[in-house]
Amino acid sequence: MAKFSLSLLLALSLLAFSPLCLCHKYQGGYLFPQFYDHSCPRAQEIVKSVVAKASGGPNWEVPLGRRDSRGASLSGSNNDIPAPNNTFQTILTKFKRQGLDLVDLVALSGSHTIGDARCTSFRQRLYNQNGNGKPDFTLHPTYAAQLRNRCPRSGSDQNLFFLDFVSPTRFDNTYFKNLTLPYTTASPELSQPTPERVSAIAEEISGLTLLEVTDLTEVLREKLGVKEMPTMVMMMPGMGFGDLRGAGKGGAGAAKGEEKKVEKTAFDVKLDGFDAATKIKVIKEVRTFTALGLKEAKELVEKAPTLLKKGVTKEEAETIIAKMKEVGAKVSMEFTARAKG
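The sequence shown lines up with residues -23 to -1, 1 to 318 when you count with mature numbering (1 follows the signal peptide of the UniProt record, and there is no 0).
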């Protein structure tokens, strides 16, 4: 924190002296859109660079003057800016009044990665969450104990505690991760844990291979008596859209199969291995024919040897193999013949 404060003071000092050597002179003293871009472009670059480096995180352009205000409103701040103890729905409603949506809410919540919360704003969660004299049990026990050390049952209202408990002086995405633990003074509605039973099932499914996921899909389809599995199942990690092309084609289709059995050939494409130096290229190529996200594609590649595509035509299999070999992957295909009936 001391290092950050020193860097910030240096930045402010540079800004204070910048009019002597870096700024163009403007008469009248009035602000206007992009004022600093015109008057002190070099000073702005210096300050932005120093602050970004001191906070240890990313930086980006922030257009000045777009919605800058020349005045301040106490009532506007109290009524329009969400309070620490507001419910999630109240926070979202206040955002919508300003033309902001759920995506904006999530993105702007990340600004809490650096900052502090006053004891008075979260004491209720520690001692009397629902008016019954009991704490908010969704808080992580270790985190709750840390908060109680700084915020007793009475007094010390102005005591501060980091909003980001894990990396309080670094600009990163840890604040979002804290919500799931939960290590946060934010509204408990923002950090409701997933039921243990559901989490356990999700953990098991995420560890399945592509072949196992496809088999699971077929079993669920039959047990639930549905013709097509919902999108949630089709989008499970580690599985591309093409892997479920044959899912859910029962009913009338099966009846026709009884009259005339048609044997179809199919091929499974497998990733046998890859050179470490070409890993990134391999991951990118896998994404082109599986529709997986970056994280899922990376996890799939790292499981090699593993199944990449199941039940594709010979032409499609050969195309995939050719492209994968171009990026340094070792792939193979296995012939399968299935009678549809």
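Think of the hints as simulated: they come from the structure by calculation, not from any bench.
Note that beta-carbon positions come from the ideal geometry of N, C-alpha and C, so glycine has one too.
Don't take each hint at face value.
[To be verified] 20 Å max Cα-Cα, derived SDA-like pairs, lysine to any residue:
| hint | residue 1 | residue 2 |
| --- | --- | --- |
| 1 | LYS280 | THR255 |
| 2 | LYS261 | GLY250 |
| 3 | LYS258 | LYS291 |
| 4 | LYS111 | ALA121 |
| 5 | LYS256 | SER309 |
| 6 | LYS307 | ARG264 |
| 7 | LYS247 | VAL196 |
| 8 | LYS272 | PRO118 |
[Stated by the list, open to error] Computed beta-carbon distance windows for the label pairs:
| hint | residue 1 | residue 2 | range |
| --- | --- | --- | --- |
| 9 | ASP57 | ASP192 | 52 to 60 Å |
| 10 | ASP57 | PRO129 | 44 to 52 Å |
| 11 | SER309 | THR151 | 36 to 44 Å |
| 12 | ASN150 | THR255 | 44 to 52 Å |
| 13 | ARG147 | VAL196 | 25 to 33 Å |
| 14 | PHE65 | ALA253 | 22 to 30 Å |
| 15 | GLN66 | THR265 | 37 to 45 Å |
| 16 | ASP78 | ILE257 | 27 to 35 Å |
| 17 | PHE65 | THR255 | 17 to 25 Å |
| 18 | PRO129 | ALA268 | 23 to 31 Å |
Results for each hint:
1. Straight-line distance between C-alpha atoms of LYS280 and THR255 comes to about 15 Å, which keeps the hinted pair within the 20 Å bound.
2. For the suggested pair LYS261 and GLY250, the alpha carbons sit about 15 Å apart, so the restraint of at most 20 Å is met.
3. Between LYS258 and LYS291 the alpha-carbon distance is near 24 Å, which puts this suggested pair outside the 20 Å criterion.
4. For the suggested pair LYS111 and ALA121, the alpha carbons sit about 13 Å apart, so the restraint of at most 20 Å is met.
5. The straight-line distance between the Cα atoms of LYS256 and SER309 is roughly 17 Å, inside the 20 Å bound, and the hint therefore holds.
6. Between LYS307 and ARG264, the direct Cα distance comes to roughly 16 Å. Compliance with the 20 Å bound is thereby established for this hinted pair.
7. Restraint check for LYS247 and VAL196: the C-alpha separation of about 23 Å exceeds 20 Å, so the hint is violated.
8. Note on LYS272 and PRO118: the hinted pairing is violated, with a Cα-Cα distance of about 31 Å set against a maximum of 20 Å.
9. With their beta carbons about 53 Å apart, ASP57 and ASP192 fall inside the hinted range of 52 to 60 Å.
10. At about 32 Å, the CB distance of ASP57 to PRO129 disagrees with the hint of 44 to 52 Å.
11. Taken as a hint, the range 36 to 44 Å holds for the pair SER309 and THR151, whose Cβ atoms sit roughly 42 Å apart.
12. A hinted range of 44 to 52 Å for the beta carbons of ASN150 and THR255 is inconsistent with their spacing of about 28 Å.
13. Between ARG147 and VAL196 the CB atoms are about 45 Å apart, so this pair departs from the stated range of 25 to 33 Å.
14. Distance hint check for PHE65 and ALA253: the Cβ-Cβ separation is about 44 Å, which falls outside the suggested range of 22 to 30 Å.
15. Checking the proposed 37 to 45 Å range against GLN66 and THR265 shows it holds: the Cβ atoms sit about 41 Å from each other.
16. Checking the proposed 27 to 35 Å range against ASP78 and ILE257 shows it holds: the Cβ atoms sit about 34 Å from each other.
17. At about 45 Å, the beta-carbon gap between PHE65 and THR255 misses the expected band of 17 to 25 Å.
18. For PRO129 and ALA268, the hinted distance range of 23 to 31 Å is not satisfied, since their beta carbons lie about 53 Å from each other.
Checked against the numbered hints above, the structure violates hints 3, 7, 8, 10, 12, 13, 14, 17, 18; every other hint is satisfied.
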